[in-house]
Every structure is written in structure tokens, then in C-alpha cells.
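Q: Sequence:
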Amino acid sequence: MRPTLITSLLVCFFTFSTLAQTPRVTKVTTLGEPIQAGSGGMEVDKEGNIYMSNFGLYLNRAGGAEVYKMTPSGNVSVFAKGFNGASGNDIGPDGLFYQSNVSGRKISVVEADGSVKDFATDGFFSPVGLVKTKQALFVANCGNGTIAKVKADGSTAVFAQDPLLKCPNGLEMDDAGNLYAANFSSGDVVKIDPEGKVSVLATIPGNNNGHLVYRNNRFYVVGRGAHQIYTVDMDGKVELLAGTGKMGNDDGSANESTFRFPNDLAFSPDGSKLYINDVGAETQDGVLLGPVIIRVLHLEYK
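Numbers 508 to 809, taken from the working numbering, label the letters of the sequence shown in order.
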């Protein structure tokens with residue numbers, strides 16, 4: 508059923524009202540049942556469906572083959588399969604779903620009919636985070652500390668390479684065309700300008716970042732090693748959004764909730780919810796990545 512005009516106007520009003528405002532978590536809840544997979548990348552489509560990629564159950568054995576789809580009410584199904592260590596992903600301006608294959612060292616695309624095809628196969632070294640624009644695809648190569656650029660003709664080249672890129676994990680782009688990578692092997696969030704120049708924007712506690720997402724002039728960053736979620740403004744100011752820092756899967760307020768090696772995050776279309784994929788097992792070292800539970804940060808803006 509298509510949304511009514513009133514519903515559409517309410518969504519637009521809520522989205523507009525969040526611009527340049529400070530987010531606050533009103534509560535943290537858990538959505539649906541655990542997914543028997545390892546925490547990879549996350550995306551949300553315009554209908555509010557959540558996509559969670561199966562990295563594989565163990566960090567040192569990336570071989571997950573599926574991407575799961577969860578409805579806003581928590582029902583889970585397999586969206587696509589045939590990957591090799593499904594990690595970072597992105598829904599492009601063309602509406603297609605792009606998926607990195609960490610072990611397969613390639614980027615796949617899911618076509619409209621659900622079939623999986625190779626999109627690019629050269630120049631990747633443990634690829635993780637993706638940003639798809641109309642002109643190109645940018646890929647965070649954790650394996651060799653580079654950002655690759657895939658042009659429209661399919662050719663791949665190194666876009667940025669710097670010692671500051673320490674296993675770049677999550678990848679995002681701001682409104683000015685700057686890229687930002689969250690390092691898995693350090694706490695740094697690194698800025699890459701349109702010329703490929705690299706600098707540090709901010710440092711997140713825990714020395715081990717998951718992914719990040721950009722919305723309304725602010726970054727939301729997973730402190731995987733800190734078991735917390737942070738925000739970073741455009742000047743690099745870091746603020747805690749949710750999580751006590753203790754490992755766990757407790758729901759509650761922002762100051763009561765706990766996370767266990769969370770990895771990626773994605774917004775609902777109207778910005779009122781921030782979804783996190785969290786590890787549901789009682790692992791202590793972060794090697795076991797599943798089962799995955801989807802946590803929901805309910806947000807208000809002031």
C-alpha cells in the first residue's frame with residue numbers, strides 16, 4: 508500500500524525538523540529474533556526494510572554467503588545469497604544493492620530480479636565499506652590500507668593511500684564529497700578529501716571501530732572495541748550516544764543499555780530509529796560474530 512499524503516508529509520516534517528539538531532536516545536530495544544549469521548554490513552531501503560550481511564560466524568573465517576532482510580516489524584528472510592564473506596554494503600542511487608566480499612576480494616551487485624553478479628573483481632584486498640555514487644564506487648580495502656575507486660567503465664584504481672588508513676572498515680561520504688573511513692585497527696575516523704588527501708577527523712575510544720553513517724552534518728560511529736555508539740560533528744567533536752561500555756545486550760535507556768562488539772548501523776528513512784547489528788553470543792574477544800541481534804536506538808532531536 509502506498510503511503511498517504513498525510514503520512515508522507517509527516518515523514519518530511521520529521522526529517523526536516525532533525526536538521527542541525529542534537530540527537531538523544533530515548534530508549535534502546537531489540538527487534539525480532541536472533542539471526543544465525545555473523546555481523547557484516549547493514550543498510551535500510553526507502554521502505555524501511557533492514558539488510559544485514561553475513562560476514563561469517565568467526566572474524567578469522569570470513570565466508571558468509573547470505574544477505575538477510577528484516578522488515579520493520581522484525582520478520583526475517585534471505586534477500587540474496589552467493590557471496591564470500593559478505594561485509595560492507597550500500598544501496599546506490601540506481602536502487603541496486605552493492606555488496607563487498609571480504610574473502611572473495613570482489614564487489615557484487617544484486618539485480619532487480621534478486622540475482623547476484625560480479626560488479627568489479629580487480630584491485631581489492633579484504634574489501635569492506637562501500638560508497639556508491641552516480642559516477643563511481645568507492646571501496647575501503649582493509650587488507651592493504653587503501654581506498655579504491657571503481658569508475659563507470661569498471662576500471663579500478665587506488666584513490667587514497669596513507670599510513671593513517673589502518674584497516675579502513677566503514678566508509679561514508681558527506682554532502683561536500685569528502686569520504687570518511689572508520690579504522691578497524693585504530694580508533695581513528697579518517698577524512699579523505701576529493702583529491703585523496705588523508706587526515707584524522709576524530710578518535711573513538713576502544714581502538715577498534717566498526718562502521719559509521721552520516722546524517723544531517725553528523726557522523727554516527729560504532730565504537731566496536733568500546734561497546735558503545737558515538738556521534739562526531741564536522742569539527743571532530745566526539746560525544747557518547749548510547750552504551751555503558753560493559754559488554755552485553757541489555758535494553759533500556761541510553762545510560763543503561765549495553766552492546767557486545769557492535770559492527771554496523773543504519774537509519775530508518777525518517778531518522779527516528781538507528782539500527783545496530785550486535786553480537787548476541789557471550790564472546791569476550793570479538794572473534795565470534797554471531798548470532799546477530801538487531802538493536803534499535805529510538806531517537807528524538809532537540
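It cannot be assumed that every hint is accurate.
As the list claims (entries may be wrong) - Each computed BS3-like pair below joins lysine-lysine, with the alpha-carbon atoms no more than 27 Å apart:
1) Lys534 x Lys613
2) Lys588 x Lys658
3) Lys553 x Lys673
4) Lys576 x Lys588
5) Lys698 x Lys673
6) Lys613 x Lys698
7) Lys641 x Lys576
8) Lys656 x Lys673
9) Lys744 x Lys641
10) Lys641 x Lys656
11) Lys613 x Lys588
12) Lys658 x Lys673
13) Lys673 x Lys704
14) Lys704 x Lys753
15) Lys534 x Lys576
16) Lys698 x Lys658
17) Lys780 x Lys809
18) Lys588 x Lys534
19) Lys534 x Lys624
20) Lys624 x Lys613
21) Lys809 x Lys534
22) Lys534 x Lys553
23) Lys588 x Lys698
24) Lys613 x Lys753
25) Lys704 x Lys656
26) Lys658 x Lys553
27) Lys673 x Lys576
28) Lys624 x Lys656
No lab work stands behind these hints, which were simulated from the structure alone.
Q: Between Lys588 and Lys658, is the straight-line Cα distance small enough, at 27 Å or below?
A: holds (25 Å)
Q: Next pair to validate is Lys624 with Lys656; report whether the Cα-Cα distance is within 27 Å.
A: holds (19 Å)
Q: Run the distance test for Lys673 versus Lys576: straight-line Cα separation, threshold 27 Å.
A: Answer violated: Lys673 to Lys576 is near 30 Å, above 27 Å.
Q: Decide if the proposed pair is consistent with the structure: Lys704 and Lys656, CA atoms, cutoff 27 Å inclusive.
A: holds (14 Å)
Q: Does Lys656 sit within 27 Å of Lys641, going by the straight-line distance between their CA atoms?
A: Measuring from Cα to Cα gives roughly 13 Å; hence the hint holds.
Q: Lys744 and Lys641: Cα distance at most 27 Å?
A: Since the Cα atoms of Lys744 and Lys641 sit roughly 30 Å apart, the hinted pair is violated (cutoff 27 Å).
Q: Is the hinted pair Lys780 and Lys809 satisfied, with a Cα-Cα distance of at most 27 Å?
A: Satisfied, since the Cα-Cα distance of roughly 15 Å is no more than 27 Å.
Q: Does Lys704 pair with Lys753 here, judged by a C-alpha cut-off of 27 Å?
A: Violated: Lys704 and Lys753 sit about 36 Å apart, past 27 Å.
Q: Holds or violated: are the alpha carbons of Lys576 and Lys588 at most 27 Å from each other?
A: holds (11 Å)
Q: Lys641 and Lys576: Cα distance at most 27 Å?
A: Answer holds: Lys641 to Lys576 is near 25 Å, not above 27 Å.
Q: Has the given pair, Lys698 with Lys673, been kept, meaning a C-alpha gap of at most 27 Å?
A: holds (13 Å)
Q: For the pair supplied as a hint, Lys553 and Lys673, is the alpha-carbon distance within the 27 Å limit?
A: Violated. Lys553 to Lys673 sits at ~32 Å, over the 27 Å cutoff.
Checked against the numbered hints above, the structure breaks hints 1, 3, 9, 14, 18, 19, 23, 24, 27 and satisfies the rest.
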